[in-house]
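S.K.: Residues in the sequence shown are numbered consecutively from 1, following this note's numbering.
Keep in mind that a hint or two might mislead.
[Said to hold, decoys possible] Below, simulated DSS-like cross-link-like pairs (lysine-lysine); rule was C-alpha separation at most 30 Å, straight line:
(1) 162 <-> 173
(2) 162 <-> 122
(3) 173 <-> 122
(4) 173 <-> 102
(5) 162 <-> 172
(6) 172 <-> 122
(7) 122 <-> 102
Derived from the structure by calculation, the hints contain no laboratory data.
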Amino acid sequence: MDDLIAGQDGVISRAQAVACGLTEDTLTWRLRSRRWQRVHAGVYATFSGPLPFRARVWAAILRAGSGAVASHRTAAYLDGLCDDSGPVIHVTVPGRRRVRGKIDGVRVHYAARLPRTRHPTKSPRRTRVEETVLDLVDTAHHPREAEGWVTAACQRRLSTPKRLADALGRRKKIRWRGMVEAMLLDVADGAHSPLELRHLRRVERAHGLPTGCRQRRVAGHRVIWIDVDYPEHRLRVELDGRVGHTGEGRFRDRHRDNLATIDGHATLRYGHADVFTDPCGVAAEQARVLRSRGWTGTPRSCRPGCPVPACGQT
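Work out the full structure: start from the sequences and follow the hints.
M.R.: Okay, structure coming up:
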């Protein structure tokens, strides 16, 4: 029983305890003496005090019963796909049965494919990373949210576009399928965030701008990474999200821009508000700079009233 408890982060079910030889009287005494505490019906923590996150996950899995695994945002947090576990524990159980009664603080999902999608060895038991990503995509209310899960999996090196595409191909139904299929191709080309994806599609492709080199590694006195580089025209585009561009990150950005200017490169820097709310304006600025640096192509309008064609006139 000690090994079982250790493997389940200090949590055990009544059925497990009895199977290990614990009598009902001993179990009752441990609860009354507060050596153990009840978490859910028939599930106990073998210690006093607050429950750590992993213990709460195990308690939810044991309460949900045979075949249950952590899933959705809970599995994402366990695997490092996100930094916030959310307010509830998510578990998925095999679709052939139903969990009786409400479980406080737990949301139960059902999936017929669970035997194929659960990870074979990880503890607490959970879905595979690719399946977790697709579960979260399927429940996303906005396409930008779905983009975030896919790009996070690749950016944090928890999965690859190919593995995600393979998992997607095995699903008969999923929300945002067309968008995700296209996005996986973009991620494979080097776009590592929703901001970069938006720039690739709505700024560069939609307006006929030249294709930039994404996530380009430049070695010198120190290695730097360029979000979008147009080396032939000595233009660099930096796409600043919220993470990594404050404090020390902001100083590194300024230092990088200064070095680029010394070397004769121009740097354009955009954030979410620029690329998501005014992609045409961003494209117009880029087109002007590209034309001034020798690009001979012609930008195109993406819609009626788009300001880009005018900026390409000589």
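S.K.: Do the alpha carbons of residue 172 and residue 122 lie within 30 Å of each other, as the hint requires?
M.R.: holds, 26 Å
S.K.: Within a Cα-Cα threshold of 30 Å, do residue 162 and residue 172 meet the stated pairing?
M.R.: Distance of about 18 Å is within 30 Å: holds.
S.K.: Taking only the CA atoms, is the gap from residue 162 to residue 122 under or equal to 30 Å?
M.R.: Distance of about 22 Å is within 30 Å: holds.
S.K.: Check the hint pairing residue 173 with residue 122 against an upper bound of 30 Å on the C-alpha distance.
M.R.: Satisfied, since the Cα-Cα distance of roughly 26 Å is no more than 30 Å.
S.K.: Checking one constraint from the list: CA of residue 162 to CA of residue 173, max 30 Å. Satisfied?
M.R.: Holds, at about 19 Å.
S.K.: Is it true that the CA of residue 173 sits at most 30 Å from the CA of residue 102?
M.R.: Holds, at roughly 27 Å.
S.K.: Within 30 Å, alpha carbon to alpha carbon, are residue 122 and residue 102?
M.R.: holds, 26 Å
In summary, this structure violates none of the numbered hints.
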